[in-house]
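S.K.: Construct the complete structure from the given sequences, taking the supplied hints into account.
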Amino acid sequence: MNVSFDVDGRSVTVPRPTKVLFPADGITKQEIVSYYRGVAPVMLPHLRGRPMVMQRFPDGIDGERIVQHNVPEHFPDWVSRIRVAKKSGGYNTLVVCDDTPTLLYLAGQACLTPHPWLSTREHPTAPDRLVFDLDPTVEDLGALRTAVRRVGEILDELGLVPFLTTTGSRGFHVLAPLREEFSFDRSHEMALAIARLLVARDPDVLTVEQRKKERGERVFVDYLRNGYAQTAVAQYAVRARRGAPVATPLWWSELDSITPASFTVTDVPTRLRTHGDPWERFTEHARSPEDARSRLSRTA
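When the letters of the sequence shown are read in order and numbered with UniProt numbering, they come out as residues 1 to 300.
Worth flagging that the hints you see were computed from the coordinates, not collected in a lab.
Where a beta carbon is used, it is the ideal one built from N, C-alpha and C, also for glycine.
Heads up, a few of these hints could be off.
[As the list claims (entries may be wrong)] Cβ-Cβ distance ranges computed for the label pairs, FRET-style:
1. GLU122 x THR18: 37 to 45 Å
2. THR13 x ARG201: 50 to 58 Å
3. GLY159 x HIS123: 36 to 44 Å
M.R.: In structure tokens:
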């Protein structure tokens, strides 16, 4: 049985709304749709205008995970799309989530987790953010928080403005908004240089070693997302893990009291009402990557 409802002049259909997507928690598709409807005003500014990869779980989180790049033929015409070149040749047609009806339609298609690009449809080859993914090799929150703090400090040192978010999974992301001056190749090169400098300063805690067996207990400073067509989990996105945790933007003052999966679909709406969105002014803090690269050269 399907349900349909009107949102901003669009008719949104949700197939099988009572389908349980989180078996251990009894959370249904309709509850996920309701969550996204509640957070849409805060979440959409972080998604709007960006090519997006869909992470779908039609049979729930214990079933098959579908990482979907191309928009299926059955999607409504009012869902925005963009045709982008693939690195390997050819093209993909990706979703662009510009509005509440699209966000809810995607949730109805069991897209639990949107993964937007680091660039916009206006300038798809020029990133407007830098991202570092900090995941612990072992369960050591102290080391993880130290790693996160070090990334924030060096970005600040380079004249960038660091923003912090949980991933809703095992780690944290630290992002910095950029002016669209660099290609992805140059942005990736700068991210690698920053990561190497971090490791040189704190080699007992941090590593850029991609092979897990070589990391020991050090935290991996993952700079690899800073490439063309790479993505990072959307702010306020639901993760396919027990408890339905949410990737949640933080104030830096919260780092010592929050874990990567502290917030869920149950408490994020209340948090937003009481704390607001720490990333509300994210784009206003875009800085020149060229200036940051110059400072990095002098620092290194």
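S.K.: Each of the hints needs a verdict: does it hold here or not?
M.R.: So, going through the hints one by one against the coordinates:
A hinted range of 37 to 45 Å holds for the C-beta pair GLU122 and THR18, which are about 40 Å apart. For THR13 and ARG201, the hinted distance range of 50 to 58 Å is satisfied, since their beta carbons lie about 53 Å from each other. Taken as a hint, the range 36 to 44 Å is violated for the pair GLY159 and HIS123, whose Cβ atoms sit roughly 21 Å apart.
Hint 3 from the earlier list is the only one contradicted by this structure; the remaining hints agree with it.
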